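Number of protein chains: 2
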Amino acid sequence: MEPYRKNFQPIIPEAIQDIGRVVFEKKHECTIDSEIGALFPHLVPCSVLKGASATREHVEKKPLRVGVVFSGGPAPGGHSVIAGLFDCIKKWHADSSLIGFLNGPKGLLRNICKELSQIDVDSVRNTGGFSLLGSGRTKIEAQEDIQKVIDTVKAQNLDALAVIGGDDSNTDAAFFAEAFLQQGIRTCVIGLPKTIDGDLQSDDIPISFGFDTACKVYSEIIGNIGRDVSSAKKYYSFIRLMGRVASHITLECALQTHPNLALISEEAAQQELTLKALVVKIADLVEERAKSRIHYGLILVPEGLVEHLVDMKHLIAELNEFFAPTHPLASLLVACSKPGERLDFVLDHISERSSACLALFPRHIAEQLLQERDPHGNVQVSRIETERLLAGLVEAEIHLRSQKAGKEIPFVAQTGFCGYEGRSAFPSIFDCTYCYALGRLAGIFAIQKMTGFMAGFARLHESFASWEPLAVPLVSLLHFERRKGAKKAVIQRVLVDLQGKPFSLFKNQCASWRLTDSYQQPGPMQFWGPEELTLPPCLTIRLGQG
Amino acid sequence: MEPYRKNFQPIIPEAIQDIGRVVFEKKHECTIDSEIGALFPHLVPCSVLKGASATREHVEKKPLRVGVVFSGGPAPGGHSVIAGLFDCIKKWHADSSLIGFLNGPKGLLRNICKELSQIDVDSVRNTGGFSLLGSGRTKIEAQEDIQKVIDTVKAQNLDALAVIGGDDSNTDAAFFAEAFLQQGIRTCVIGLPKTIDGDLQSDDIPISFGFDTACKVYSEIIGNIGRDVSSAKKYYSFIRLMGRVASHITLECALQTHPNLALISEEAAQQELTLKALVVKIADLVEERAKSRIHYGLILVPEGLVEHLVDMKHLIAELNEFFAPTHPLASLLVACSKPGERLDFVLDHISERSSACLALFPRHIAEQLLQERDPHGNVQVSRIETERLLAGLVEAEIHLRSQKAGKEIPFVAQTGFCGYEGRSAFPSIFDCTYCYALGRLAGIFAIQKMTGFMAGFARLHESFASWEPLAVPLVSLLHFERRKGAKKAVIQRVLVDLQGKPFSLFKNQCASWRLTDSYQQPGPMQFWGPEELTLPPCLTIRLGQG
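Here the protein sequences line up with chains A and B, keeping their order.
Residue numbers for the first sequence follow numbering that gives the first Met the number 0, beginning at 0 and rising by one.
Residue numbers for the second sequence follow numbering that gives the first Met the number 0, beginning at 0 and rising by one.
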């Protein structure tokens, strides 16, 4: 497969075909919160710019030195961004250089990098993952760390630095851009929107790259399981999908595969669903289907679901307080040496409501929740395997109902997790095309010395050739959030819009998927064959979301 | 995808293109154990027959009534077998009928079936799973059950009954064939070799259907994870693969993806590996890689692995004895009401060796092992999630080594399971072609009133057109095994041959995969595109194994 994919030539949007003839003009002005504006005096006021092919005044073509870094979890298409950027600056001038920083932001801090050769870049064209450079999650927020980045870009004499990352990395990039301008560093900073979760988007950036591929990889698996469930006819499959904050992936995969039930965290939060109510909701489905002698089903669960349940939010907040060293009962709690003891102690001393919620958990999961805490002392609710928790609770509920009715309701659960296999898959034709174009656009920003922008395209739901290049000020994506108790300017993660087109389409259909099986099996992603199968991006993008 | 796959027309091997002109002749005589022969007086002596296109004497074309049933877990290609069979008997005579029994052997026992229409069959051509008829695991061994099958085939007036199943179902089919002949029932019995595990094979049947597709689906996932592991560079992925008895799937997927380590149950058994030695083996790999500052890796584990470890075999045997109601300590054991108590009691009372082995287990897994037993009272070792057990034990071992060395060896494990998504996937072009040809061959057996044969093809590693049709006597696949304490004639599951070509190829390469990453990423199965990607079956088959 790899040799064939490496030879794939993505279509280039018409507006950026001639890299020397792209002219940007204002699309619309950005409204920036004044407090945020105050943090970025060199970048504000600002506007979203749109690019078009037109005659520019002649610029002398000098070689460019551009740095690039991957940040955070891999997403399919990262290598294509690099290929697009490399081809662009080499086309601009054969002596241009692309410098890849290794193992994520750490490489940027320590100036650990390598100049990428034609062979390096050709070896990863249209392949998945971030294996060319590696990645990492180091945050660069402290002033001294930003200074280290400045040392690096000065040492490397960079015309531009391209940051391929998610919300946090692009937040950091906004601060780099401001600091560089402030200190008169000529290096432009360019952001590239990466995350399979699809929650890095705005009115101007319809979607982050990698989302399309990940959803296609997961939908293949879910579709296969749906077919298996309706072949074996004897088990419920609970499949957990990536997406801790937002449920875009679960929503898209539900639209692709038509499960009997797909839970959307944002809806659960809006409905103020409790864990118990959720279990009842699923058990009702099982019972209703059992009345038609159907003892199997397909249920999708976003990994972040439990954190969005109203009683779980309370429980978590209460546990975090309870475990603080300053809590009056702290010494008594520490004295509970056995995990079982500790659970009983906690159950006795938290609020009735939270106690009832925690008591629902199977003991070993509850004990695990109390044992493992993150470096800030918070309970690690993210460690809970939501699909296993729900399958276990539904089993107990169905058992109770069976006893009550004096008649067994058959219920067998299997669980699965669609995880890392979606992050480093071969990118879809959409993602290959999108990412190559993003990289090329980043190169054009470097040529035109544009700093503090995220590269993006409008009209992603139209044909590849007609995409409209955009320069979206990173600052325009920022808002304030409380993090670790402090107010911080960060890029907002965009949740599923319960008024948006994808969710509305889902709500219109999902009732009909409950009892009558309508499982869809999209099959493996195809790179050749009917255009209808190979070219279109996933539904969220086709609907023009964002 | 589905509409496109439904229109796919598989190539038909030349020898069976003209269904009226297939002539079978003896390929070789079968050597049958005399005790087994005594059970099948109407079927023995017998020979493997090979088919070729030749002029046959004219036979009057009468409509045929053929029954078909799925048995056991789904495998990709089952629907193609039905399509091949349907097309064949309809081509023979337009008034022929194909009767599908529902929900597996249960449908056969109770005569629950439906006649399949052209629309039914067209709706599932080249699709995965067994959703058209459902399946089940009911065994039909008792004389009275066989009598019920006889009632069914008489009531349905069947010319032939095609059993699409694994080793157990084809064993049952052999007994049906004998019983039918004995009682003068004219219904021919035809076996079709199904199982993704690939352990239903013989000198004449190179592979069961579904294996190729399942391995391709799993290799896609494993290849993606390999790319992710070498992108994130911070975790070991332990992936469990299907295959409780034989490790064919793990071996094939290892050849496709080149993990750092792939464990093969058959080799572990031959080497008399203990659980502790296995953990040391994996920890050595982790430590060696850590010396080169590599803190990630890819490890494949067949689900049956722990059952093949010498100390685990002893432990399991001992536990099964210990839990027998006749055991002298039974009443004391029952008195241990808490799971923890029971574990301590067991640890104190089993042999030192088994106690040491069980003590290695994390307590909650050990407790689970003692709590859950199958209907025969045996511990359910199959419930152990091998990949989680090993990841946990390796973590503990690495922790110990770090302490000893006074220097931390970083180790983070992620676990995954390649399971049911491989059973009901869209069949590969190989499996579509193989299964359609198998179904057509079964139809030819029905036309020629051949009973007690399994349909098969030789030369599966050659071009589709040149495959050689075979009729393999079901009886020739039987051997004696002890099951539930009694000697039973069953079809032997074929293990990985440690002298065979696939394993030799693996052994020649696997040392070079340990430290230097050579992960391969086969990508998603393609139905269109370069023939090199779409047509060839997996390596096990290409090597002419079997």
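Derived from the structure by calculation, the hints contain no laboratory data.
Keep in mind the model is a prediction, meaning the values are calculated, not measured.
Treat the hints with care, as some may be off.
Identical copies look the same in the list; a pair holds intra-copy or inter-copy alike.
Within a straight-line C-alpha distance of at most 25 Å, the following computed BS3-like cross-link-like pairs (lysine-lysine) qualify [to be verified]:
no.	residue 1	residue 2
1	K232	K5
2	K486	K138
3	K233	K138
4	K105	K337
5	K105	K138
6	K138	K232
Hints, verified against the model:
1. K232 - K5: between (42 Å within a copy, 23 Å between copies)
2. K486 - K138: within (17 Å within a copy, 66 Å between copies)
3. K233 - K138: between (47 Å within a copy, 17 Å between copies)
4. K105 - K337: neither (39 Å within a copy, 50 Å between copies)
5. K105 - K138: within (9 Å within a copy, 60 Å between copies)
6. K138 - K232: between (48 Å within a copy, 17 Å between copies)
The structure is inconsistent with hint 4 alone, although it conforms to all the rest.
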